[in-house]
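Peer 1: Listed below, chain by chain, are the residues.
Protein chains: 2
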Amino acid sequence: MQVIPLGGLGEIGKNMTAVRQESGIVLIDAGMSFPDEEMPGIDLVLPDFSYLREHRDELKGIVLTHGHEDHVGALPYLLREFNVPVYGTKLTLGLVRPKLAEHGIKKGDLREIKAGDRQKLGGFGMEFINVNHSIPDAVAVALRTNAGLIVFSGDYKIDLTPIEGEPMDLNRYAALGQEGVLAYFGDSTNSERPGFVPSERVVNETFNQVFERATGRIIVASFASHIHRVNQVVEAAKAHGRLVGVTGRSMIRNVQIARELGYMDLPQSMYVDQRDINKVPDSDIVILTTGSQGEPMAALSRIAAGQHRTIEAGAGDIVIVSAHPIPGNERGVSRTINSLMKRGAEVLYTPLSRVHVSGHAAQEEQKIVLSLLKPKYLVPVHGEYRMQKHHKDTAISMGIPEENILILENGEPVEFEGGEARRLETVSSGMFLVDAGSVADNSDAIMRERQQLSEEGMFIVVARINSKSGELLGPPDVISRGFVDPQAQNGLVDESVATVTKTLERTAQRHVTDWSELKKAIRKDLAGLLSEKTRKRPIILPLIVEV
Amino acid sequence: MQVIPLGGLGEIGKNMTAVRQESGIVLIDAGMSFPDEEMPGIDLVLPDFSYLREHRDELKGIVLTHGHEDHVGALPYLLREFNVPVYGTKLTLGLVRPKLAEHGIKKGDLREIKAGDRQKLGGFGMEFINVNHSIPDAVAVALRTNAGLIVFSGDYKIDLTPIEGEPMDLNRYAALGQEGVLAYFGDSTNSERPGFVPSERVVNETFNQVFERATGRIIVASFASHIHRVNQVVEAAKAHGRLVGVTGRSMIRNVQIARELGYMDLPQSMYVDQRDINKVPDSDIVILTTGSQGEPMAALSRIAAGQHRTIEAGAGDIVIVSAHPIPGNERGVSRTINSLMKRGAEVLYTPLSRVHVSGHAAQEEQKIVLSLLKPKYLVPVHGEYRMQKHHKDTAISMGIPEENILILENGEPVEFEGGEARRLETVSSGMFLVDAGSVADNSDAIMRERQQLSEEGMFIVVARINSKSGELLGPPDVISRGFVDPQAQNGLVDESVATVTKTLERTAQRHVTDWSELKKAIRKDLAGLLSEKTRKRPIILPLIVEV
Chain A
19 MQVIPLGGLG
29 EIGKNMTAVR
39 QESGIVLIDA
49 GMSFPDEEMP
59 GIDLVLPDFS
69 YLREHRDELK
79 GIVLTHGHED
89 HVGALPYLLR
99 EFNVPVYGTK
109 LTLGLVRPKL
119 AEHGIKKGDL
129 REIKAGDRQK
139 LGGFGMEFIN
149 VNHSIPDAVA
159 VALRTNAGLI
169 VFSGDYKIDL
179 TPIEGEPMDL
189 NRYAALGQEG
199 VLAYFGDSTN
209 SERPGFVPSE
219 RVVNETFNQV
229 FERATGRIIV
239 ASFASHIHRV
249 NQVVEAAKAH
259 GRLVGVTGRS
269 MIRNVQIARE
279 LGYMDLPQSM
289 YVDQRDINKV
299 PDSDIVILTT
309 GSQGEPMAAL
319 SRIAAGQHRT
329 IEAGAGDIVI
339 VSAHPIPGNE
349 RGVSRTINSL
359 MKRGAEVLYT
369 PLSRVHVSGH
379 AAQEEQKIVL
389 SLLKPKYLVP
399 VHGEYRMQKH
409 HKDTAISMGI
419 PEENILILEN
429 GEPVEFEGGE
439 ARRLETVSSG
449 MFLVDAGSVA
459 DNSDAIMRER
469 QQLSEEGMFI
479 VVARINSKSG
489 ELLGPPDVIS
499 RGFVDPQAQN
509 GLVDESVATV
519 TKTLERTAQR
529 HVTDWSELKK
539 AIRKDLAGLL
549 SEKTRKRPII
559 LPLIVEV
Chain B
19 MQVIPLGGLG
29 EIGKNMTAVR
39 QESGIVLIDA
49 GMSFPDEEMP
59 GIDLVLPDFS
69 YLREHRDELK
79 GIVLTHGHED
89 HVGALPYLLR
99 EFNVPVYGTK
109 LTLGLVRPKL
119 AEHGIKKGDL
129 REIKAGDRQK
139 LGGFGMEFIN
149 VNHSIPDAVA
159 VALRTNAGLI
169 VFSGDYKIDL
179 TPIEGEPMDL
189 NRYAALGQEG
199 VLAYFGDSTN
209 SERPGFVPSE
219 RVVNETFNQV
229 FERATGRIIV
239 ASFASHIHRV
249 NQVVEAAKAH
259 GRLVGVTGRS
269 MIRNVQIARE
279 LGYMDLPQSM
289 YVDQRDINKV
299 PDSDIVILTT
309 GSQGEPMAAL
319 SRIAAGQHRT
329 IEAGAGDIVI
339 VSAHPIPGNE
349 RGVSRTINSL
359 MKRGAEVLYT
369 PLSRVHVSGH
379 AAQEEQKIVL
389 SLLKPKYLVP
399 VHGEYRMQKH
409 HKDTAISMGI
419 PEENILILEN
429 GEPVEFEGGE
439 ARRLETVSSG
449 MFLVDAGSVA
459 DNSDAIMRER
469 QQLSEEGMFI
479 VVARINSKSG
489 ELLGPPDVIS
499 RGFVDPQAQN
509 GLVDESVATV
519 TKTLERTAQR
529 HVTDWSELKK
539 AIRKDLAGLL
549 SEKTRKRPII
559 LPLIVEV
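Sequences listed follow chains A and B, in order. Residues 19 to 565 in this note's numbering are what the first sequence lists, from first letter to last. Residues 19 to 565 in this note's numbering are what the second sequence lists, from first letter to last.
Honestly, I wouldn't trust all of these hints.
Treat identical chains as interchangeable: a pair holds within one or across any two.
Once the Cα atoms are required to be at most 25 Å apart in a straight line, the calculated DSS-like pairs of lysine-lysine come out as [unchecked claim]:
{"no.": "1", "residue 1": "K297", "residue 2": "K537"}
{"no.": "2", "residue 1": "K486", "residue 2": "K551"}
{"no.": "3", "residue 1": "K394", "residue 2": "K360"}
{"no.": "4", "residue 1": "K124", "residue 2": "K108"}
Don't read these hints as lab results, they were simulated from the structure. Given the structure is predicted, the values throughout are model-derived calculations rather than measurements.
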C-alpha cells in the first residue's frame with residue numbers, strides 16, 4: 019500500500035493525496051490554490067494530474083473531506099479527464115454541484131455520505147468521522163488498507179461547543195486508536211500556534227455586543243464558505259430584530275445552498291435581496307458580504323471604494339472584517355480597512371477585536387488527537403515546511419519516535435508493508451496554472467516571461483531586409499513598452515536604432531541571410547547597449563521583414 | 019505659519035513635511051518608500067518634489083530626525099535639485115554621507131547637531147530632543163515659529179532601559195508642555211497596539227539563552243540600520259567568546275560606519291570578514307546578515323537557497339530572524355524560514371520566539387507623550403489611515419477635543435494663526451517611481467502598462483502594406499508574448515491572422531492609407547477576437563511596414 023501526496027505538502031492549498039494498493043487508487047481531496055505575486059494574470063493553481071493519468075485505470079474514486087476550495091476546487095478539472103465516483107457529505111456535494119455545472123459537467127457520479135458511515139471503494143474500507151472546521155459537514159477519513167488502518171484528518175479543530183452539529187468525534191478516534199492506527203496524515207496549518215483554538219462560539223459574544231450598540235448599518239465580511247460564521251450573523255440578526263441583506267456572488271450562492279440544504283435557518287421574511295437593501299432602514303439590517311481578504315473585485319472592496327452598485331457605508335455604520343488575512347493579502351485587507359474608515363465607518367478587525375477564530379487545530383488539539391489515535395507513523399500534511407516541522411516537534415514531545423514522523427513533499431510517496439514505512443522514488447508533482455480557462459503546461463517559462471515583461475520591459479525591432487543580399491533597407495524601427503523614462507527612452511531609441519543598424523551592416527558584409535542568426539546578433543548587441551545604459555534586461559523581439 | 023505634509027501620511031514610508039512662514043521653509047525629513055506588488059520593476063518610491071520646486075527660493079534647509087531610509091532615502095535625489103544645508107545627528111549624517119557619495123554628491127552641506135542643541139534656521143528656532151527608536155541618535159524636533167511652538171516626534175518609543183544612550187528626554191517634553199505646544203505631529207505607526215512596547219533589552223535575554231545552548235553557528239538577520247540590535251549580538255558574542263562575521267552589503271557598510279563613529283564597540287580582533295568566515299569553527303562565530311525581510315537577493319535568502327558565495331547553514335546551526343515582516347513581505351520571509359529549516363537549521367522568529375521588539379510607541383507611550391506635551395492640536399503622522407485614526411482615538415480618550423485632531427493626507431496643508439488651525443487648499447503631492455536610476459514622471463501610465471503586459475500579455479501584428487494603395491502584401495505576422503497555452507495560442511494565431519487580413523482587406527477597399535486609422539481598425543477587431551476567445555485584453559501593437 020502506497021500513499022502518494024500530490025498537493026498540499028510544503029504549501030498551503032491544493033490538497034490532494036492518492037492511496038494505492040493492488041485493488042486500486044482512492045484519491046483524498048482535489049483542491050486548488052490561489053496564485054501568488056509571482057504569477058501575474060493567473061486565475062488559479064491546480065495540482066499536477068500526471069501521476070493519475072499514468073495510473074488512469076486504477077483510479078476508483080475521489081473522497082472529499084469538506085467543501086473548501088483548497089480541497090474541492092480542482093474537481094471540475096479532474097472530472098473532465100476521469101469519470102469516477104465522488105464521495106462527500108451533503109453540504110460538500112451541495113457546494114460542488116454548481117461548480118461542476120459551471121464547467122459543463124452535468125452528470126458527475128456524486129455519492130452522499132455522512133459522518134459515521136462506512137463504505138467500500140476500490141478494495142478499501144472507508145469510514146467517515148465527524149470533525150469541526152470553519153465549514154459544517156467536515157469529516158476525517160479512515161481507510162482500512164491491505165497494510166493497515168490509516169487516518170486522514172482533513173482540516174479540523176476540536177470545538178466542544180460548536181455553533182451547530184456535534185463536537186468532533188473523539189470517541190471514534192479513541193476506538194480507532196484501540197484498533198491500531200498505522201499512519202496518521204494530520205492537518206499542520208496551525209501547528210506553530212501553542213494552546214487550543216477557541217470555540218467558534220466566542221465570536222458570538224462580539225457579534226452580540228456590536229448588534230447591541232449599533233444604530234446604523236452592520237456589514238459583516240467573511241469567507242462565503244464559512245457557513246458557521248454566517249449563521250452566527252443570522253442568529254444575531256434574529257436576536258436583535260434586523261433583516262439580513264446579502265451581496266457578493268459567492269456569498270449569495272452559498273447562502274442559497276446552505277438554506278436549501280437545511281444548513282441555515284434564514285426565513286424568507288428576513289432575507290433581503292441586494293437590490294432591495296436600500297429600502298430597509300440602516301438600523302434594521304445587517305449585510306453579509308464577500309471581500310474579507312481585500313480582493314479588489316469583491317463586494318466589500320467595492321463598498322470601500324464607493325463603487326458598489328447599491329450599497330454604501332459611512333458614518334454610523336459598523337463593518338466587521340470577520341476573517342484573518344491569508345499571508346500575501348495583508349496589504350489588500352489594509353487598503354479596504356483604510357478606505358472604509360475614511361468614509362467614516364467604524365471597522366472591527368483582528369487582532370484588535372475578537373471577530374474571528376481559526377478553524378485549524380493548535381498544538382494542544384494536535385496532542386489530543388495524537389494521544390487518542392496513537393499512530394505508529396505521523397505524516398504532517400496541509401502546511402508549509404515550517405508548519406510540518408512544528409507538527410513533528412509536537413509529536414516528538416508526545417513520544418512518537420522521530421524516525422516515525424515523515425515530513426514529505428508533494429510527489430514523495432511512502433510504501434507501507436509489514437507495519438513499516440519506506441520512501442519510494444519521487445513521482446511527477448507540481449502545479450498547473452489556469453489562465454482564463456486554459457491550463458498551462460509550460461507555467462515556469464510563461465511566468466518568467468510575464469515577470470520579465472513587467473519588470474524589465476520589452477524592445478521590439480522591425481528591420482526591412484533584402485532577402486537576397488541580407489542588406490538593411492532604411493533604418494530599423496524600434497518600439498518599447500514598459501520603459502519608465504520617456505525622455506531617456508527617446509535618446510535610447512536613437513541609440514538602439516544606431517546599434518541595430520551597425521549590427522545589420524556588419525552581418526550584411528558577411529552576407530548573412532540566415533534570419534535566426536541575424537536575430538541573435540540583434541538581440542546580443544541591443545541587450546548589451548540596454549544593460550549598459552539602463553541596467554535593465556528587457557525582452558528583445560527582432561522582427562525581420564523580407565522585401 | 020503653514021505645515022505642508024508631502025509624504026508619510028496615509029501610508030508607511032517616504033516621510034517628508036514642510037514648515038513654512040514668511041522667513042522661509044524648513045523641511046523635516048526626506049524619506050523614500052519601497053515599491054508594492056503593483057509596481058513591477060521599480061527600485062524605490064520618492065515623494066513628489068513639485069511643491070518644493072514651486073517654492074524653491076524659500077527652502078532654507080532640511081532636518082533629519084534619524085538615519086532610516088523612510089526618513090533620509092530621498093535626500094540624494096532632493097540635493098540634486100536643492101542646494102541647502104542638512105541638519106542631523108552624527109550617526110544620521112554618517113549613514114547619509116556614503117549614499118550622497120554614491121549619487122555623485124560630493125560636498126553636501128551637512129551640519130551635525132546633537133540632542134539638546136538649539137539652532138536657528140530660516141527664521142525658525144530649532145531644538146532637538148533625544149528619543150528612543152530602533153536606531154541610535156534619533157531625535158524629535160521642536161520648532162519655534164511665528165505662530166507658536168510645534169513638535170515633530172520623529173519615529174520614537176519610550177525605552178527607559180535602552181541598550182545605549184539615554185532614555186527618551188521626557189523632562190524636556192514636560193518643559194515644552196509647560197511652555198505651551200500649539201501642535202504635535204506624532205508617530206502613529208504602532209497606534210493600533212495597546213500597552214507599552216517592551217524595552218529593546220528584552221531581546222538580550224533571548225540572545226543570551228541562544229548563545230548559551232548553541233553548539234554550531236549562530237546567524238542573526240536584522241535590519242542593517244538596527245545598530246542597537248547588532249550591538250546586542252556583539253555583546254552576546256563577547257560574553258560567550260564568539261567572533262563576529264558580517265555579510266550583506268548594507269550590513270557590512272553600517273557596521274563599518276557604526277564602528278568608525280563610535281556607535282559600536284567591536285574590536286578588530288573579533289571582526290571576521292565574510293571571506294574568512296569558513297576559517298572559524300562553527301561554535302566560535304556568530305554571523306550578522308541582511309535579509310530579515312526575505313528580500314530575494316539579500317544574504318540570508320542566498321544562504322537559505324544554498325547560493326551564498328561562502329556561507330552555508332545546516333543541521334546544528336541556529337538562525338535568528340530578528341525582525342518583524344513588513345506587510346507585503348510575509349511570503350518572502352516564510353520562504354526563507356522554510357528553506358533554512360529544510361537545510362536542517364533551527365530557525366527562531368516572531369512571534370514564536372522573543373527575538374524582536376518594535377521601535378515605535380504603542381498606545382500607553384502615546385498617552386504619556388500627549389500628557390507631557392499637552393498640545394492644543396494633534397496631527398497623527400507616519401501611518402496609514404487606520405493608524406492615524408487610532409492615534410486620534412487615543413488622543414480623544416486623553417481629553418483632546420476631537421476638532422483639534424487633524425487627520426491629514428499628503429498634500430493637505432494646515433495654517434496656524436492666532437492659535438487656531440485652518441485647512442488650506444491641497445497642493446501637489448504623490449509619488450515618483452525610480453526605475454534603474456531614472457525617475458518616472460508618468461508613473462501611473464507605465465505601471466498600468468506593465469501590469470497589462472504581465473497579466474494580459476501582448477500581441478504584435480506586422481503587416482506589409484503597399485504605401486500607395488493601402489493593400490496588404492501577403493499574410494500579416496502575428497507574435498504573442500505572455501500567453502499561456504501554446505496549443506490554444508496556435509489556433510489563436512491563425513484566427514488572428516485571418517481577422518487582421520479581413521480588417522485590412524476592408525480598409526484597402528475603402529482606400530484607407532492613414533496608418534493610424536489602419537492601426538486603430540486592427541486593434542479593435544483583434545481585441546474583439548481575443549476577448550471573446552480568451553477573456554484576455556492584451557496590449558495589441560500593430561506595426562505597418564511600408565513597401
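Peer 1: Please work out whether the CA atoms of K124 and K108 approach to 25 Å or closer within one copy, between two copies, in both situations, or in neither?
Peer 2: within (18 Å within a copy, 73 Å between copies)
Peer 1: Is it within, between, both or neither when you check K394 against K360 at 25 Å Cα-Cα?
Peer 2: between (56 Å within a copy, 23 Å between copies)
Peer 1: Could you figure out if K297 and K537 sit no more than 25 Å apart (CA to CA) within one copy, between two copies, both or neither?
Peer 2: neither (65 Å within a copy, 49 Å between copies)
Peer 1: For the identical chains here, do K486 and K551 meet the 25 Å Cα criterion within one copy, between copies, both, or neither?
Peer 2: neither (34 Å within a copy, 39 Å between copies)
When each numbered hint is compared with the structure, violations occur for hints 1, 2.
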